[in-house]
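Residues per chain are reported as follows:
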Amino acid sequence: MQYEAGKISAKKKHREPLLRIAKRDSMPLLLSWGIRIIAVLLSLVVCAVVIYAITRMNPLKVYGAMFEGAFGSERKIWITIRDTVSLLCIGVALAPAFKMRFWNIGAEGQVLVGGIATAACMIYLGDVLPTPALFLVMIITSCLAGALWGVIPAVFKSRWGTNETLFTLMMNYVAIQITSYCVALWENPPGSNYVGIIHPQTKAGWFPSLFGQQYMLNVILVLALAVGMFIYLRSTKHGYEISVVGQSESTARYAGINVGKVFVRTMLISGAVAGLTGFIAVSGSSHTISVNTAGGRGFTAIIVAWMAKFNTMTMIIISLLLIFLEKGANEIASQFNLNDFASQIITGIILFFIIGSEFFINYQMIWRGKNKEVA
Amino acid sequence: MEQQTAIRMQNITKAFGQVLANHNVSIDIRKGEILSLLGENGSGKTTLMNMLSGIYYPDAGKIFVNGEAASIRSPGDAFAYGIGMIHQHFKLIDVFSAVENVVLGLRGKDANLKLAAKKVCEICETYGFEIDPGQKVYNMSVSQKQTLEIIKVLYRGADILILDEPTAVLTPQETERLFHVIRNMKKAGKAIVIITHKLHEVLSISDRVTILRRGEYVGTIETKDATVQSLTEMMVGKKITLNIERPQVANPQKRIEVKNLTVMRQDGVRLLDNVSFTANSGEILGIAGISGCGQKELLESIAGLQKVSDDASILYCAPQTDASIELVGKNPKAIRDLGITLSFVPEDRLGMGLVGSMGMTDNMMLKNYRRGHTPFMERKEPKELAEKIKEELEVVTPGINIPVRRLSGGNVQKVLVGREIAAAPTVLMTAYAVRGLDIHTSYTIYRLLNEQKRAGVAVIYVGEDLDVLLELCDRILVLCAGHVNGIVDGRATTKEEVGMLMTHLQKEDGRNAV
Amino acid sequence: MLTSILSLIQAAVVFGTVIMLGCIGEILSEKSGSLNLGVPGIMYIGAIAALVGVFFYEGAAENPSPLLCVVIALACGFCASFAAGLLFSFLTITLRANQNVTGLTLTIFGSGIANFFGGSLNKLAGGVGQISVSVTSDAFRTKIPELSDIPVIGPLLFQYGFMVYFAVIAAILLQFFLSKTSTGLNLRAVGENPEAADAAGIHVIRYKYLATCIGAGITGLGGVYYVMDYIKGTWANDGSIEKLGWLAVALVIFTTWKPKNGIWGAYVFGLLYWAYYYIPGLNRSSQEIFKMLPYIVTIIVLVVVSFRNKKENLGPAHLGRSYFREER
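Protein chains in written order, with numbering that gives the first Met the number 0: chain V, 0 to 374; chain Z, 0 to 513; chain C, 0 to 327.
Think of the hints as simulated: they come from the structure by calculation, not from any bench. Only a predicted model underlies this, so the values are computations on that prediction, with no experimental measurement involved. Check each hint, because a few of them may be wrong.
[To be verified] Taking beta-carbon pairs under 8 Å as the criterion, some of the chain Z residues facing chain C (in silico):
(1) PRO74
(2) GLY75
(3) GLN87
(4) LYS90
(5) LEU91
(6) ILE92
(7) VAL94
(8) VAL102
(9) LEU103
(10) GLY104
(11) LEU105
(12) ALA110
(13) PHE128
(14) GLU129
(15) LYS332
The beta-carbon is built from N, C-alpha and C at its ideal position, and this holds for glycine as well.
Take these sequences, add in the hints, and give me the full structure.
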């Protein structure tokens, strides 16, 4: 047979691509966690290089100092634990929303309004109500406030399909401005632009110490929420509905699930738990309110929830890792006279590595020349 | 005279994970010739051609274009080699106009919208197309979209055209027009490949036929030497008779009575227009029609998933009690709460009927997870059911908790049909129940449907293959553009009659349906 | 009265320019399907890179040339934020990571980098507010001579630094690029339906990379303008860039992804943001309530757009998702 040169000449040389990407079927759990751990280790090496470049200090010493900063004394350990559970609590709040594929990036705002509600109760009712009633009112109002903040975007999403990512994002800033308003309203002493510690003498509305530990109640509350959410998502009918809606809305409708109702109900829960985080933050740790009450944790928790694949038990480990980094970096910052934003840099680097590592879990690479084995 | 070979594919292999889509396939495509690529759904036709269009890259094997070894790594490479593919799922940008879609990815003068609009009109004239260059794609009909895809490829000066199931969505008239165009292109010396599983089309248009089966090359024959029987044999691998069992209808009773059912799309187009019919127990009611002319909406209306017109009525006549229950205005949950079991096997199995990321067990609960009075799930019964279905229907899966997304198409359908039948329905609706399944699985599905029919279930079977409809169904309702064009006796009617009803809108009551 | 209206408008224009640059950069990125929530981080990175660059140049040079200062500031700002965009692109396009999570991480990382070096720079210069890059800042703030002296029209139109006009021109150019050029058409196709774009022979990955990185570069220039003109070449770790960055994201929605709307939209945001300052009789707490306006307005736009459900206004159809050709 005789071939004729084509009219259209292909300029490219015949060459197989160097690297091709194919989707993996699945990967053993152990291997996938191995990859994640390798990613964290690699990121620590990169951070070490960065630290060395800035401080000229032995990075190992620096990591030692980090450990010191997070777990160096009983007090430091408890601060680390307190902040871990606070981050974890927001992650727990986000879990049902994300499992439903509802991108609630408004936790920051939901926490803040919960905090405002709590602070308002402490300020206005602290001297009026007996302690149990005060706590009940604080819990209810903070949940309601958070739930309200969460449910508004959900209602619009379920009714008109309004983009929830951007809506919840904007709600954060509305909440921040409301907080600024309240701070200006309640500032103490006047003109300071700070609310200051509420009821420093009577401690009305403060979490009581349990087993001699100031933050024990925080831990117990949040762990209970985490376990509760784990069970809610895994074993209840509501949890099942959330999974179905998250996977495919038309399957959900086919199964007779009212998708809009599930959106609204789940965001009520998600917002309420976030509002409860605000309650814990104000009543259980800071005893004041400011625009930094959520402190960006509402955003960090998104990363926690996503990395944990919405499993609230895994979130415990990831929250601890992130808070450890934050505390550790603060420690090096003060020890080596850096400013404490170094922690954000280190956190960022480590997160980038973990985010990137997911690729190697979900895809495999086929290098040139390897394909003969496949056939 | 020996025809020149445009493309030679040699020993091509392509795997997706564990699934071998093509294994050691070799074919030749010649200039000035129409080649049919024949095979059942899932036999790897589209995958093979996607390696020519640059969507996939082969794991092994070689491709020669005009005698030279070629490496097609992207659709851009494919265009450079003069290869253009018209995909079954159109690759068009909805918010763009026709001409904007045509110039997409081109450079320089080719990308000038005004010049392109002119040239598009020229192409239309040459081949007899009709299209408005300024029309937005989201306002186009399916056939217009396909025309646009062909123009897009011709505009790029492709010499080798690959059409993937081009007639699946067309009316016979549109099909004839398309074939006319294809013959014109052949005369112009272009090499044309048509991917199809419809035998009569193969026989009427192609010069040669290449047959694939389960990803493997079976053979190539001249069309003039081929018959329906010989092609079928090559396609399915063994001599088979297309005999589907059809038991006599015993004691039919009215089960579903649909009256004046109209469904409107958001923009006011009538997807279903004043549809009325009854479905009886113990019979299989077939629904025929060109795809997308209301079948989906009809089934979804009965299942409680569609918003229907105010004057519509869908009555459910309960067995024994003879009570009539109005289903309009009730959602699937409300219907189930009345104790009515309507089973529904939808067209989109993983997107609607099942949850792809869940295992068999969790999928078994999809419709009755509310059972029990606690807020917690009861997983014991569904697990037993999953085991039972896996065994009885021979579902191939590594385990009942493996996400069903990872199963093959046939096994996915077995899981879905198995669950719907296990619910002990009084009405069973299926949409394209055998699409993409191999012959063996298809016959399993027919057997299951017949079992249900014998058990006194009212079965509604939406199908695309007329031969199957004619052999399986007791009555056939023919839809045409959302309109009931006739209900015929499955035993007495002919393919021609149904074909006519599918395509020629009957006028009634002096009202012009559109 | 007239002076206060004029100064409100001036404040709005200057404020609007920061978020306009951030917004059109993000529009370019989103048109390719990349929802980059790292805008605040990128603006931070652009700002600090420019500041560090000119800080050392002005410190080293005997007689710093204003022109060179401007070039160094813009080049440093653009390149650094381009690099940030590259990082985002690598993670989301090549490694197909979740865009929301990656963007938020980039915001954490960028604000960390900027505030860390900004703080160090403050320390180096001898305390907060002591950084002096006066030559650069003056160059950025040079008004148009003569024209700016015309009464009313002068202050209204001509009393701004060159970046104000640059931003408007950039928005017009981007609008032209997106709606009139074939490359712009291809880019929009990538954001709408990458599969179709790929089948049409468009190099999807290259388009996404370039749009996301150049978009990040433009966004970063917003940070440069902020630090050089808006706060006159100083640095404060007060989180205001982050706020502005999120407003830029909000503005993208407000404009329904059309750069031409970004021009007036940015100024409207500026007016809304500064309105509290000019409304008499507000105390400090009610001023905070007024500062909500831009966000509330954005929410309203978001809701109205979803009511009308017009395909052209909903943003790129494939926004926020990654593309893999062999997906099946």
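Each hint tested on the structure:
no.: 1; hint: PRO74; in the structure: holds, 5 Å
no.: 2; hint: GLY75; in the structure: holds, 4 Å
no.: 3; hint: GLN87; in the structure: violated, 12 Å
no.: 4; hint: LYS90; in the structure: holds, 4 Å
no.: 5; hint: LEU91; in the structure: holds, 6 Å
no.: 6; hint: ILE92; in the structure: holds, 5 Å
no.: 7; hint: VAL94; in the structure: holds, 5 Å
no.: 8; hint: VAL102; in the structure: holds, 6 Å
no.: 9; hint: LEU103; in the structure: holds, 4 Å
no.: 10; hint: GLY104; in the structure: holds, 4 Å
no.: 11; hint: LEU105; in the structure: holds, 7 Å
no.: 12; hint: ALA110; in the structure: holds, 4 Å
no.: 13; hint: PHE128; in the structure: violated, 19 Å
no.: 14; hint: GLU129; in the structure: violated, 22 Å
no.: 15; hint: LYS332; in the structure: violated, 27 Å
In the structure shown, a violation is registered for the earlier hints numbered 3, 13, 14 and 15, in ascending order.
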